[in-house]
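One-letter residues, chain by chain:
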Amino acid sequence: MIAPDIVIEDLEPDGFAWLCRLASARQRRAGRWAWVLHRGGDVASAWGCDLDQARQALERGDTWAAAETLVAADELDRVVLLDLDQTKALEIALHGRAQAPLTQDQLFSALTQEFWSSPAVVTAPVPPRDQWSTLAREVASIGDGVVVLAVYSDDVVRASLVFTVVAGRLVHISSLDALTLDLALRGWQSHEQLEQALRQRLGATQVLTCDASDLEAAFIADDLASALLALFGR
Amino acid sequence: MEESAGVSRIAITSAGLDLDGELLPLISGAVHYWRHDPGEWEQILDSIISLSFRVIDTYVPWQVHEVERGRYDFTGRLDVVRFLHLAQDRGLYVTVRPGPAQGAELPTHGYPRRVTERPECQALRCNGLPYVLPSATHFFSVPSYASSAFLEEVDGWYEAAIPRLSAMQYPAGPVIACQVDNEMGYFFQAHPYALDYHPETLAQYRDFVSRRHGSDGETEPPRDGNDEPESRRLDWMAFREEHLRISLRRLAEKLRKHGMDRVPLYHNDYARTDTPMDQAGLEASGGLDWAGLDAYTSRRGSRWLAGVARHLSASSRMPMMPEIGAGWLALPWLLPASASPEDQELVAMTPLLLGVRGLSFYMLVERDRWYASPIDRHGNHRPQFAPFFRRLHDFLAASRLHHLRRQPEVLLLQNRAEARRIGARVTLGGLVPAFPAMMPFDSRMCDLPDPRREEARRWESGFAEAVTAAGLDHGHGTTSSTPALDQYKVIAVPVLEMLDRTAFYALAAAAEKGATVVFGPGTPSLDECLAPLPAAPWATVVGDPAEFSSWLPSPAFVCRDADVEVVRWTGEDRELLGVLHHGEARKTVEVHLASERSATCLWPDSAQSRATSRLLSLDLMPFSAQVWELHQ
Chain F
2 MIAPDIVIED
12 LEPDGFAWLC
22 RLASARQRRA
32 GRWAWVLHRG
42 GDVASAWGCD
52 LDQARQALER
62 GDTWAAAETL
72 VAADELDRVV
82 LLDLDQTKAL
92 EIALHGRAQA
102 PLTQDQLFSA
112 LTQEFWSSPA
122 VVTAPVPPRD
132 QWSTLAREVA
142 SIGDGVVVLA
152 VYSDDVVRAS
162 LVFTVVAGRL
172 VHISSLDALT
182 LDLALRGWQS
192 HEQLEQALRQ
202 RLGATQVLTC
212 DASDLEAAFI
222 ADDLASALLA
232 LFGR
Chain V
7 MEESAGVSRI
17 AITSAGLDLD
27 GELLPLISGA
37 VHYWRHDPGE
47 WEQILDSIIS
57 LSFRVIDTYV
67 PWQVHEVERG
77 RYDFTGRLDV
87 VRFLHLAQDR
97 GLYVTVRPGP
107 AQGAELPTHG
117 YPRRVTERPE
127 CQALRCNGLP
137 YVLPSATHFF
147 SVPSYASSAF
157 LEEVDGWYEA
167 AIPRLSAMQY
177 PAGPVIACQV
187 DNEMGYFFQA
197 HPYALDYHPE
207 TLAQYRDFVS
217 RRHGSDGETE
227 PPRDGNDEPE
237 SRRLDWMAFR
247 EEHLRISLRR
257 LAEKLRKHGM
267 DRVPLYHNDY
277 ARTDTPMDQA
287 GLEASGGLDW
297 AGLDAYTSRR
307 GSRWLAGVAR
317 HLSASSRMPM
327 MPEIGAGWLA
337 LPWLLPASAS
347 PEDQELVAMT
357 PLLLGVRGLS
367 FYMLVERDRW
377 YASPIDRHGN
387 HRPQFAPFFR
397 RLHDFLAASR
407 LHHLRRQPEV
417 LLLQNRAEAR
427 RIGARVTLGG
437 LVPAFPAMMP
447 FDSRMCDLPD
457 PRREEARRWE
467 SGFAEAVTAA
477 GLDHGHGTTS
487 STPALDQYKV
497 IAVPVLEMLD
507 RTAFYALAAA
517 AEKGATVVFG
527 PGTPSLDECL
537 APLPAAPWAT
547 VVGDPAEFSS
557 WLPSPAFVCR
567 DADVEVVRWT
577 GEDRELLGVL
587 HHGEARKTVE
597 VHLASERSAT
607 CLWPDSAQSR
617 ATSRLLSLDL
627 MPFSAQVWEL
637 HQ
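Top to bottom, those sequences are chains F and V.
Number 235 marks the last residue of the first sequence (the working numbering); no jumps.
Number 638 marks the last residue of the second sequence (the working numbering); no jumps.
Be careful, since some hints might not be right.
Said to hold, decoys possible - Partial pick of chain F residues on the chain V-facing surface, computed with a CB cut under 8 Å:
# : residue
1 : E10
2 : A94
3 : F116
4 : F164
5 : Q194
Unchecked claim - Pulled from the structure, derived: some chain V residues nowhere near chain F, Cβ distances all over 10 Å:
#  : residue
6  : G333
7  : A343
8  : E372
9  : T474
10 : A600
It should be emphasised that the hints constitute simulated quantities derived from the structure, not laboratory data.
C-beta atoms are modelled at their ideal positions from N, C-alpha and C, and glycine is treated no differently.
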């Protein structure tokens, strides 16, 4: 999805900073996760949960049940059990996935899938869905062209991004400022004229408009990939 | 004066570079010539000058200039010599950064992809597999700096690029310094067993062990924090520091060989003050003229930035941040961060007021994959960002800060021997990802259970809190390359059991000259190789870090506010008082002076003044800085 030679330029600083604040707030919102390292059920260390509790949970030999027990005991968002006797195979598998011609997001997606599907890893609840590959499919489905995102707040464009997609890959990102459009078009009342102006300037253009508070809520509710998916309305 | 090869007319001072007798503070900003239309270079440079900058900085990227193996392009957009001439025509000086690493938000960090794909060039994990790092937009296998195949490739690049740049060295040209590589420190990876296990790195390691212990001894490196005996782990940790010194020295030698021999060479690493980084150690190794630290943060990170600045100013002969954030990278899926004009003041003033003499704003001119710089990519000022930089230069000129000195009387030394011991107690070096976004893996679970980790942390922060609570400015250094100790009245070192041998004797000498040396909670009994140390009757041992306050001298200015730091600058029969406010609430604080003084504000509002008094009442805006000149 992300072309290695992607060009990102002429971003309007205030609007882009606002978008980045949303994204970083979502990244900082860490769930309550616990990690347990063990060797075939023999607990070596625990982070995010009590060591003795982890030992007790794993005593019965059923790692899946142990993960669920630990989640329930401390009302955790997730428990990950990592079997140190099986990490060697995971290391080799991860390395096998980290090869060209993947793009960066494809790499992250492949490594994450490999991690969750490894016999070394047991987790509860079920692993989260892979957002990167879902988003990449959506971007690919747009076809070649330009997508403009205009985020409105107080009736004016608070932030904007102009994406260019070629063969399913993002190759260029900019903002409305770079197009030097008539500033009058930035008011919500003029958003239809904005769309018209964009299509005149850029040709076939998909224009996504949303309210700043809606976008903010989408970020907080899930993550960057899902928030953007929500904007595509799919 | 006629210049000749290897004869420099540039001297390094603690405040900047001395060019034929003129002090040039390295207050600089980055501009990437190849990312701009050459037709706009002149406008961009003029725009930089209009913000009062005298120095600019640029990478010279290998990845961009190498068109194919052995063929390089230095024309058009890549005509770096023309760009340097344009800078020289305008009276600008330039620092150049020819790599081999650049980062610079390039797809393979500045290395040509063909080089990173050569197996013999690749750094290896403890499990023998290559180490993959996400770049700004892609990923690649990082090179090993011990690999002779990689170093031969670098030599080819230097052979093509350096003669062009060296012809532009001062005084014939504007180039006044050259950076060696970029943020070399194991590619941001703190885990000591993650890399590098390249066969030629291991040969270096064996040589290091042989020299350290006088015999071959145990030469197989540890690959995990459970590997015994502990001495192997300690050797590996110390070697990792030495490996950086060797690598940078080799590159510096290559730069000199290709003609970069009339300007100082320096390195920048990311802002880590713990092992394997050691700025003073790098400088002492002789390969580099100075070693700086890069720092990126918002105003909310100003306390952290203050810690980095303290460390740098006590550890380097020319304290510099070769990169300090002006804007931020435009990669919201990877490292999203907001950059606002409100961040800029405290981010710039914090290091300056804590003794950092050189700052290079990265990026002064915006470009691809970067946003919120003071100058846009066509050379226009961004009105919300640009005026600050002109004001900053006006302040530096009016205050003459670079002609004054800050001299804290208290020094906190990070105990490197203990830090190596604790840092070695980690596992999963074969698995730990280079970057958190790569997969769901919390690197904290690499820490093996070790009660010393928390205890050491508690003591180090306990000492720092006691000093801050007393309203005292202080310096920060490390015991692996102890700074000059003469200026300090009190030197504190958190000790559990270990202390570097050279630091032990340097502290003994300081105590003999009258300094108070404080250890706690334990006393040193073992050196960095686990060999016994003699007793230290010259030191004071405190059982609780809070007790440390009773050993502290009285501050010159008293301002006991947890959010506010006050520092003193003196020289030229003048006295300045710098104030850093790290809190988010506007507040009024009172600074008690030793005698009645009048005061004139130098920053941010030079129109303010105060009548003669022993009390200076200051109205501090959130996350702000003030500087006052005191008069008798």
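We went through each hint and held it up to the structure:
1. For E10 of chain F, the suggested interface contact is upheld, since its CB lies about 5 Å from the closest CB of chain V, less than 8 Å.
2. Taking 8 Å as the C-beta contact cut-off toward chain V, the hint placing A94 of chain F at the interface is violated, the least distance being around 11 Å.
3. Because the closest C-beta pair between F116 of chain F and chain V is about 5 Å apart, less than 8 Å, the hint holds.
4. Annotation: F164 of chain F was flagged as interfacial toward chain V, and the flag is violated, the nearest CB pair being 12 Å apart, outside 8 Å.
5. The beta carbon of Q194 of chain F is not positioned within 8 Å of any beta carbon in chain V (closest approach about 26 Å), and the interface hint is therefore violated.
6. Once the 10 Å rule is applied to beta carbons, G333 of chain V is inconsistent with being away from chain F; the minimum gap is 8 Å.
7. Residue-level check failed: A343 of chain V sits 6 Å from the nearest beta carbon of chain F, not beyond 10 Å.
8. Non-interface status of E372 of chain V relative to chain F is broken: a Cβ of that chain comes within 10 Å, the nearest being about 8 Å off.
9. Against chain F, the non-interface label of T474 of chain V holds: every CB pair exceeds 10 Å, the least being about 26 Å.
10. At roughly 43 Å, the least C-beta separation between A600 of chain V and chain F is larger than 10 Å, which holds for a residue marked as non-interface.
Of the numbered hints given earlier, the model fails hints 2, 4, 5, 6, 7, 8; all others are met.
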